[in-house]
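> Sequence:
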Amino acid sequence: NDRIGLVVFGGEAYTQLPLTTDYGAAKMFLRTIDTDIIPVQGTDIGKAIRLAKKSFDPESPTSKSIIVITDGENHEEEAIEAATEASAESIVVHTIGMGTTKGAPIPLYRGGRNVGYRKDNEGNSVVSSLNENTLIQIAQAGGGQFVRATNSGSGLDLIFDEIERMEQAEFGTKVYSDYEDRFQYFIGIGLFFLLLEILVFERKNRFIAGLNLFGKNEQ
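Start counting at 1 in the sequence shown, then tack on 5, and there's your number in the working numbering.
Hints are not guaranteed to be accurate.
Unchecked claim - When the alpha-carbon atoms are kept at most 20 Å apart in a straight line, the in silico DMTMM-like pairs for lysine to aspartate or glutamate are as follows:
(1) K58 to E83
(2) K59 to E17
(3) K59 to E83
(4) K58 to E17
(5) K124 to E17
(6) K58 to E90
(7) K59 to E94
(8) K59 to E86
(9) K107 to E137
(10) K58 to E86
(11) K107 to E86
As the list claims (entries may be wrong) - Taking CB as the label site, the calculated pair distances span:
(12) T67 to G128: 44 to 50 Å
(13) T106 to T26: 37 to 43 Å
(14) E86 to G29: 32 to 38 Å
(15) K59 to N129: 34 to 40 Å
Derived by calculation from the structure, the hints in this document are not laboratory data.
Because the structure is a prediction, the values reported are computed rather than measured.
For every residue, glycine included, the Cβ atom is placed at its ideal position computed from N, Cα and C.
Based on the sequences and whatever the hints tell you, model everything.
Quick look at the structure:
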């Protein structure tokens, strides 16, 4: 059966949801991720990739994919090395870049309303800048693709299209009948980990809506 898992990361990485076929649970965990679960600030993409990689069965012939959603601020070499290691074990690593290259403060939302901006321990606003070059290199090392998220979409559709093409090449065409619920995209991928930088969830109300994983009418 096709399985999905969730890893959240900042300066550390934690498995929020082990690989499972329970898509309802995956939806629930994705919605309830809170920034408090990652006490260490930073962006350690390499650690997140390695944590996800450990959850895959290296003997399984099923296709395996990791999608990293982050701004890309990271020590390049370790993340690229981790993606290379994953690729060597037939795990494809895709990246989706959040934010802008110019950088901007990270807004905080409660109940869908902006209530301020994230601050560090000294009270200064935390600025998140998109490092496209790093994310491109990580995706190349992992045999995947880089997509930049925009105001009109999260970039996941393009990644899922690429994964679907991979699946068709390996296993033949698969038909999906229910596209109202975009979570159906997960079905057919095989083994799949979605790695989410925890800073993304400071603005999770808007970002989750942008992911478009759930139907338009779902609240």
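> Starting from K107, check that the Cα of E137 is at most 20 Å away, please.
At roughly 11 Å apart (the allowed maximum being 20 Å), E137 and K107 satisfy the hint.
> Run the distance test for K58 versus E17: straight-line Cα separation, threshold 20 Å.
Holds, because 15 Å separates the two Cα atoms, which is no more than 20 Å.
> Do T67 and G128 keep their Cβ atoms within the hinted range of 44 to 50 Å?
holds (48 Å)
> Starting from K59, check that the Cα of E86 is at most 20 Å away, please.
holds (15 Å)
> Run the distance test for K59 versus E83: straight-line Cα separation, threshold 20 Å.
Within the cut-off at roughly 16 Å; holds.
> Holds or violated: K59 with E17, Cα cutoff 20 Å?
Status holds; Cα separation ~15 Å.
> Could you say whether the range 34 to 40 Å given as a hint is met by the Cβ separation of K59 and N129?
holds (36 Å)
> Please verify whether K58 and E90 have alpha carbons no more than 20 Å apart.
The hint holds at about 9 Å.
> In this structure, is the beta-carbon distance linking T106 and T26 contained in 37 to 43 Å?
Holds, since T106 and T26 (Cβ atoms, about 38 Å apart) stay within the stated range.
> Is it true that the CA of K58 sits at most 20 Å from the CA of E86?
holds (13 Å)
> Hey, K107 versus E86, does the alpha-carbon distance stay inside 20 Å?
Between K107 and E86 the Cα gap is close to 26 Å, so the pair fails against 20 Å, i.e. violated.
> Look at the Cβ atoms of E86 and G29 and judge whether their distance stays inside 32 to 38 Å.
holds (36 Å)
Checked against the numbered hints listed earlier, the structure breaks hint 11 alone; every other hint is satisfied.
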